[in-house]
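*Asks:* Below, each chain spelled out in residue letters.
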Amino acid sequence: MSAPGIGGGHLAEHREEGALATLRRGLRMMPEFRRGLPATFALALIATGGRVVVPIAVQQVIDRGLTGPGGPDLDLVRNLVLLCAAVVLLTAVAVYRMNVRLFRTTETALAGLRARAFRHVHDLSMLHQQGQRRGSLVSRVTSDVDQLSTFMQWGGVLGVVSLGQLLVATAVMAVYSWQLTLLVLGCFVPLALAVRVFARRLATAHGVVRERVGDVLAAVSESVVGAPTVRAYGIRQRTAARLDRAIGRHYRAQVAAQKVTAAVFVSGEFVAALATAAVVVAGVLLGLAGDITAGTLVAFLFLVTLFIAPVQTASEVLNEAQNAVAGFRRVLDVLATEPDVRDPAEADPARARELPHHPLGVRFEHVSFRYAPGARPALDDVDLEIAPRRRVAIVGETGSGKTTLAKLVTRLMDPTEGRVLLGGVPLAEVSFASLRERVVMVPQDGFLFDATIADNVRYGRPGLTDAEVLAAFAQLGLSAWVEGLAEGVATRVGQRGESLSAGERQLVAVARAYVADPDLLVLDEATSAVDPATERRLTHALDRLTDGRTTLTIAHRLSTAERADEVLVVDAGRVVQRGTHAELVDAEGPYARLHASWRRSAAGDPQQAS
Amino acid sequence: MPRRRDAVVRRGIRHIGRAIAEQPGMFTLAFVASSLYGGMTVASAYVIGEVSGRVILPAFEDGATTAAALTLAAVAIVAVAVLKILGILGRRLFAGIMGYRLQADYRRRVTGQYLRLPLSWHQRHPTGQLLSNANSDVEAAWYFVAPLPFACGAVVMIGITAGALFLTDPLLALVGLVVFPLVFVVNAVYSQAMSPRMRRAQQLRAEVSEIAHESFDAALVVKTLGREDVETRRFTRRAEELRDGLVAVGRVRGLFDPMMEALPNLGTLAVLLIGAGRVAEGATDAGDLVFIAYLFTLLALPIRAIGWVLADLPRALAGFDRVTPVLDATGETRHGREVAAAGAGGAALGLGDVGFRFDGAARPTLSGVTFEIPAGRTVAVVGPTGSGKSTLAGLLVRLVDPSEGTVLLDGVDLRALREGEVSGQAAFVAQGTFLFDDTVRGNVTLGADHSDEEVWAALRVAAADDFVARLPEGLDTRVGERGATLSGGQRQRLALARAVVRRPRLLVLDDATSAVDPAVEARILDALRAADRPSTVVVVAYRQATIALADEVVWLESGRVLARGSHEQLLAEVPGYAALVHAYAQAEVAA
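Respectively, the protein sequence lines represent chains A and B. Take UniProt numbering: the last position of the first sequence gets the number 610, and nothing is skipped along the way. Take UniProt numbering: the last position of the second sequence gets the number 591, and nothing is skipped along the way.
Source of the hints: derived by calculation from the structure; they are not laboratory data. Predicted, not measured: the structure shown is a model, and the values here were computed from it. It cannot be assumed that every hint is accurate.
[What the hints assert, rightly or not] Just a few of them, taken from the derived set where beta-carbon distance is under 8 angstroms, the chain A residues facing chain B:
| hint | residue |
| --- | --- |
| 1 | Pro72 |
| 2 | Phe103 |
| 3 | Arg104 |
| 4 | Val138 |
| 5 | Phe198 |
| 6 | Arg200 |
| 7 | Phe265 |
| 8 | Thr410 |
Each residue gets a CB set at the ideal place from its N, CA and C atoms; glycine is no exception.
Using the sequences provided together with the hints, build the complete structure.
*Replies:* Below, the structure is given as structure tokens:
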């Protein structure tokens, strides 16, 4: 495709962004999330309120039920316990309602985010410029969002509840004894300060683990995808050693991360014990001074555990939150990336133009294109005009710029300088709806979806009946081929069309382009060898397809160039020769050289090639 | 249905047993640490109870206390906490190590099988499946190990608690006898309700991912036909199904969590109710009551660990069930004891009545293939698509074994040769090249001892020296995963250099130059022929240039050798051959 090493379009990256900034950015982009949030928080308040009921009950039972002035008051105890039981049950119901609400809103919001990110990826040019990065784009609408959802399913709930519990416990503690509350808070201040350091440590440790996972995946794929190579070269030991190393490194990173996690977790536990001990000592002294009662002190000890639990949970949640926020950031970065090419109809439907309804001429006005600023131009000041209905073959070495030319005509990218006009209309002003209807590209691999042949053809024009699809195949001279298939047009093509041969996939792709009925066709010819029978069918079908349409073909074969009305020879980003095949063969220049090499390879005379 | 449920429980317990049996040491350490943690959790409640009963309440009653009593209370609280912390550290660390070791161990075993099993086994299994067997399935199989010792510790803790309850007050113990079994029941019901919902969510996740993969792969088609909206609708539909699936999971979990929280709370209240009566009767004292009430609040978390393990077991079993067939697969390639003749020139090849049939295939891919290739000859194998050319090429280097007949290298059956002999004598370059995530040098030498001069010489033969010289770090440039940073033609040329550098006595090229420019291809083949020590070359070819280079052509049709001879001979005598070669020439030249 494009020249190796050059890649256009990069994702916006916010690696240094803080977690809170990411969350704020995310909330802006997920309007569904805010809907119904106040009610959820109200439920959360009830839920956390319910948690302090039991310590209060313990205090009341001890102070008033057992050690009250009139001796044990069992009626009071019974009433208290029944009241508290009712509150506990009510709390459970509130937590359930809150959980369900929270799950529903977050999952709805995430589904929306997923869909928007998916759509946005299609608007970005990275997909067709950097094949090898597709996997990472897929993960942004799959595993990154999944991770976020998994986190929200427990971490999010825990986070909300913990925060509420922390606040309520603090408030109740303050009511019982402000002095002891200050003491407890004082114990936790160093911990709160240390959290930032912990978070960074955890993030680093887990970052290493993630990296090692990637290495393991790569090593495993060597043993699977590289299976023939491993056997043919007898390098089983070496491959096993590489695997062993990757697995070992992953294991060690996991253990290292686990050490950090455990250390962070117990630091909360230790502080909690210190706080409890301090409360006992200070509480007794305060009690002797007459400031608090015995029940208050015991209840306070319970409250301290209520206060500690969310702190510990927070350190757990923090752990997972690191990963979730990183995933969130990656998804948001997709959405924050500006598409290089925009539909003018999106900005202002009134000003977007339609392409005229007749075979389209193509005009390049001083067009240059660079894949990155400062990079060598892939196209350099190309100025040319192609008359309507002409069938033009573009030839040139790999990396000469012929694919770039095709991408500019189809407006997969915009030129860095100059402009492209179709039928006299500047391409940048044409609405996508009109552009995609009138200009169709048949890519090299003729990608097919995992569906039937008819479905794949219908992709070019939705709503076609099977009979119409069959008719299209007939018009392309492919009836015999379709009828020869096990289930005709209802034959399923398998993943990426793999049940068909490369040539047969091309046939379906041609039919798909044919039913789309464009006025300008851009064909990227396949390089792979096709068996002769299919080759003949394909040539015939392509003749029918291109008949009467302006056609630009990126040609890899001499036969295609020979049949074209005109040949453009591209070299180092410039059109260096132009003319009919016959004219160019006789002229001095790159085409004659290319032609000679083609002929030699086909005629089978390698001795002259070197 | 109930029987299946039993089976899951039984198999789950057996799976837990397997984990323990494989890592007994780590499990014991983690279990001891968990028990320490559990014991100390109970102890911390006991200490709080004792501190209340012996220090706090007397102090308030008497209006005085001693520094010694207060110090003792504080030291007891902190000391118990420190022991508890040691328990937590040990539990987390040893449980973590146990789980990670199991993961690493099974990854090694699974990938060991991948390397050991014959290629025919690989061909029967989709790549994606094998990758996830070694990664996510192994992880899923042992994920439950992390909370396992915690859960076992919780069981111990419940035992201790029950004991402490009976010792303190048998009546209060009855409360425990109601609450704890209830916790188990809720847990069991929960994991039963979760597993089908989790499975469905997992399935939907995979489907969403499949659509994203397909749609992004199809980007050019989607975009140039303006079908982004159609694709987004298709994706959104599945994403919404996934959302509903996840909400269904959340509903169950959302119910479970508050129940697990309410149960110990209700237990505490019951303890207060009954305990107050007992205190009034004088059967127990307030300190014991506080101890027991405190214990119940502390138990909430560890009891959940049991739930974590139970909830994860179905997933673990599903993962393990996917890994087992790989581990149990047999069919290792057997090797003989013979040593190949170490000649200087090319190897002689002989095929005697060779047949090959893929497992379950109705027709054989190859049958009755018999021919000999004298040492140092170059032979082209030509035939229509599906005639068995690639299978034949694979047989020559023992990537697969013939179903019938024998393949002889210098007169010795390939199966009789010692391991490593075939790959020592022969080099094979496949149609789809595979590069390792390594440097250019590493990809050429594959760890063997070749000097840089030899590597450069091989690169020169493969017409790869120019582009390698231009790479930022030359031979030390890393090529990325599967050679992602290189073009298809560059990858093929590196793969060729990898074959050439070993100076093989037999070189088998299976359409290995398809992505290389014809002129470059001719240069490569020329250089191969001009080598000072020409090897025997078998080349599966399409292009006339390649065919014309061969001393002899073998014409393959429907798995049989229908003719052999020189290119000219076959052109004149075999109509099928003439038609095919002519058709390719037509396609390329349209003369």
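*Asks:* Each hint: holds or not?
*Replies:* We went through each hint and held it up to the structure:
Among the interface hints, the one on Pro72 (chain A) holds; its C-beta lies about 4 angstroms from the nearest C-beta in chain B, closer than the 8 angstroms criterion. Because the closest C-beta pair between Phe103 (chain A) and chain B is about 3 angstroms apart, less than 8 angstroms, the hint holds. The beta carbon of Arg104 (chain A) is positioned within 8 angstroms of a beta carbon in chain B (closest approach about 5 angstroms), and the interface hint is therefore held. Using the Cβ-Cβ criterion of 8 angstroms, the hint placing Val138 (chain A) at the interface with chain B is satisfied: the shortest such distance is roughly 5 angstroms.
With a cut of 8 angstroms, the hint placing Phe198 (chain A) at the interface with chain B is violated, because the nearest CB-to-CB distance is about 15 angstroms. Against a cut-off of 8 angstroms between C-beta atoms, the interface hint on Arg200 (chain A) is violated, since the closest Cβ of chain B lies about 20 angstroms away. A least Cβ separation of about 7 angstroms between Phe265 (chain A) and chain B falls short of the 8 angstroms threshold, and the interface hint therefore holds. Interface restraint check for Thr410 (chain A): the shortest CB-CB distance to chain B comes to about 5 angstroms, inside 8 angstroms, so the restraint holds.
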